[in-house]
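10 is the number of the first residue of the sequence shown in the working numbering; add one for each residue after it.
Do not take every clue at face value.
To be verified - In silico SDA-like links for lysine to any residue, alpha-carbon gap of 25 Å or less: (1) Lys88 to Ala23; (2) Lys88 to Leu364; (3) Lys88 to Ala167.
To be verified - Cβ-Cβ distance ranges computed for the label pairs, FRET-style: (4) Gly367 to Pro202: 38 to 46 Å; (5) Arg84 to Ala372: 42 to 50 Å; (6) Ala245 to Ala196: 40 to 48 Å; (7) Phe171 to Glu342: 30 to 38 Å; (8) Trp107 to Ala196: 26 to 34 Å; (9) Asp201 to Ile62: 21 to 29 Å.
Derived from the structure by calculation, the hints contain no laboratory data. All residues carry an ideal CB built from backbone N, CA and C; glycine is no exception.
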Amino acid sequence: MTTAPSHTPTAAPAVTAPLYAAGFVTAFGAHSIAAGMGAHSGDIGLSLLNLGILLAVYDLAEVVLKPVFGALSDRIGTKPVVVAGLFAFALMSLIGLWGANPLMLGLARIGQGAAASAFSPASSAMVARLAGRNAGTYFGRYGSWKSLGYVAGPLIGAALIFFGGFTFLFAALAVLAAATAMWAMVALPRLDPLPRPRYTLLDLAGQVTHRSFLVPTLVLAAATGALGTAIGFLPALATRHGLDPVAAVAAVSLLALASAATQPWIGRLRDQGRLHDGPGMTAGLLLTAAGIAGVALFPGPATIFAAAAAIGVGIGTATPLGFAHLAATTPPERLGRTMGSAELGRELGDAGGPLLVGAVATASALPVGLGVLAAAVAATSLLGIGSSLNSNHRDTP
Numbered sequence: 010m011t012t013a014p015s016h017t018p019t020a021a022p023a024v025t026a027p028l029y030a031a032g033f034v035t036a037f038g039a040h041s042i043a044a045g046m047g048a049h050s051g052d053i054g055l056s057l058l059n060l061g062i063l064l065a066v067y068d069l070a071e072v073v074l075k076p077v078f079g080a081l082s083d084r085i086g087t088k089p090v091v092v093a094g095l096f097a098f099a100l101m102s103l104i105g106l107w108g109a110n111p112l113m114l115g116l117a118r119i120g121q122g123a124a125a126s127a128f129s130p131a132s133s134a135m136v137a138r139l140a141g142r143n144a145g146t147y148f149g150r151y152g153s154w155k156s157l158g159y160v161a162g163p164l165i166g167a168a169l170i171f172f173g174g175f176t177f178l179f180a181a182l183a184v185l186a187a188a189t190a191m192w193a194m195v196a197l198p199r200l201d202p203l204p205r206p207r208y209t210l211l212d213l214a215g216q217v218t219h220r221s222f223l224v225p226t227l228v229l230a231a232a233t234g235a236l237g238t239a240i241g242f243l244p245a246l247a248t249r250h251g252l253d254p255v256a257a258v259a260a261v262s263l264l265a266l267a268s269a270a271t272q273p274w275i276g277r278l279r280d281q282g283r284l285h286d287g288p289g290m291t292a293g294l295l296l297t298a299a300g301i302a303g304v305a306l307f308p309g310p311a312t313i314f315a316a317a318a319a320i321g322v323g324i325g326t327a328t329p330l331g332f333a334h335l336a337a338t339t340p341p342e343r344l345g346r347t348m349g350s351a352e353l354g355r356e357l358g359d360a361g362g363p364l365l366v367g368a369v370a371t372a373s374a375l376p377v378g379l380g381v382l383a384a385a386v387a388a389t390s391l392l393g394i395g396s397s398l399n400s401n402h403r404d405t406p
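Please take these sequences and the hints and turn them into a complete structure.
Listed below in structure tokens is the structure:
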């Protein structure tokens, strides 16, 4: 069994706060620009195809690079990767000062995605090492701040674009990322990389297919797929049923706020031994599936808001438990690679959920597409039923 060294610093608020800020930066940056491009695509000469490409390049960079930077943080330490990634995000944001040019906007997006690929999994790995046995509590708080970034991003981004165009938005992101990087450089402890055994390809294959990694990663992918779908399709469904655009956005904000409020509470229950990982992840996904199915079967203003709340609470239940389980069952010397690979699963879910619903809806109708997604999320939840998943051991396949 591999354990963290006894001299690992404790997760005091002054230490974890810059990590939470890093989570906020990546969520705020991604969603503020995506929402702004969607709202102003005509003003900057973007076709629907070009808009889709610019939306995708950020996630594409993350899918390719997160496992790479996660493994790098295991090799050189998490703090250098967090700080360098935040500074790189600030630098890439400066390219967006010429955001009225689609080419420069695309370069800024892919650069930001590459930078977020560095500090996002490294931040998760650092939270895991600092939290120790309280991983649920600290991943709950970390996820809560990311959810606040999802809420604040489109709203603050819209205000900045209104007053100064994309130049204001990218300038604000550059300042925010640089300030967070300097904060992290001063406040974060340096956690030295731990000795790592030499792994063969067979070892690596066993690790990524082992139940302790595969189950929580699939849960995280399903939860993130539901989140990405809800953010895109709930407003569309709302406007189809007579709600104005402000009310449609309010439904998404309710979802994100419900998730942000739920995650710290769920994390504390988990660390107190009152909620176990397997049953908790199952319950979270079942609630998420119920919310999606409810709005698919009975679409209307009331059910849209009820579904948003249910989906938010479900995601807020499954997400911290998934990350906490990964932290508890992964040897500390490869936390970065594990978190990077799990983040890859989330990115694939984020892309796959909307694609699944869109494809089925195109062939039939939007409620049918949502129903198929609800069934997929419910099926994933079955992985935790009767599971022997627990968090009191570190798995070393």
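Hints violated by the structure (numbers, ascending): 2, 3, 7, 9
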